[in-house]
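**Q** Let the hints inform the model, and build the full structure from the sequences given.
Position one of the sequence shown corresponds to residue 6 (the numbering used here), numbered consecutively onward.
The set of hints was computed from the structure by calculation and includes no laboratory data.
You may find that some hints are simply not true.
Capping the alpha-carbon separation at 25 Å, the derived lysine-lysine pairs in PhoX-like fashion look like this [as the list claims (entries may be wrong)]:
#	residue 1	residue 2
1	LYS172	LYS51
2	LYS74	LYS87
3	LYS74	LYS54
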Amino acid sequence: MCAYTILSDTLFALIVLILYIVYFTVTFSVNNNMVTIEVLTGSNFKKWKEDIEFAMEMVDVDISLVTDKPGELTITSTDDEKLVHAVWMKSNRICLLSMRRSILDHPKSGLATDCIAKELMAAISERYRVSSNADIGSLLQVLFNMKYDGNGGVRDYVIRMVDYHTKLKALKVYLLDTYIVHQALNTLPPEFSIIKTNYNSQDESWSINNLISRVIAEEENLKKEKGQVALYVAGSNSHKGKKSKTYTNKVAH
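**A** Structure, rendered in structure tokens:
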């Protein structure tokens, strides 16, 4: 019964994943390269925009997203100008098709149909724009409330904290590295208290990279110690088992 339940849960998860891929991503070929983009549903604008920009750059057709439309061709246009114009126009067609094909009908409503790719991206960005103040507030809240919950390694936990620090810096919120070091040390599990003790016993501040290297080293030491303890316990139990068996045999005789 338990095995059947696990199999059913696994099958259900697989079906959900397949449905998500079918209905919420689009895959098509551009310049003989397969491109996959998450469909824009409204709440996933950042991911959709990243997918579009990454995909168009990878297949080398992103020029219309990052440059203005070149001037119209004339009888005096040079071969280079004609080539640039042709490349840009092809890029614009592919980018527009890729963007429109990867947007659900309701987010697509009200968007201009006679614009270039760069203008369409700007219009969609404006519609789903989140103010930098909201981003800052969310990032600060997450950073201030971070605590190591035992999931994953401590190294990954510190790196996640550094990632939030970097994102805040990009939004022009400059937190000192010493704050991140203190925040990390104060939220590490008790097993890492030796690192905090070492830090508090010194006058010199640590850099974030220094903290990460120390955390990695301590994490490896703790893994080795746990392995040694496990071997000792296993050996001790085995020894006790042999003694018990010997004693039982003696009593039997």
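**Q** Taking the numbered hints from earlier one at a time, note which ones the structure violates and give those numbers from smallest to largest.
**A** When the structure is compared with the hints, none of them turns out to be violated.
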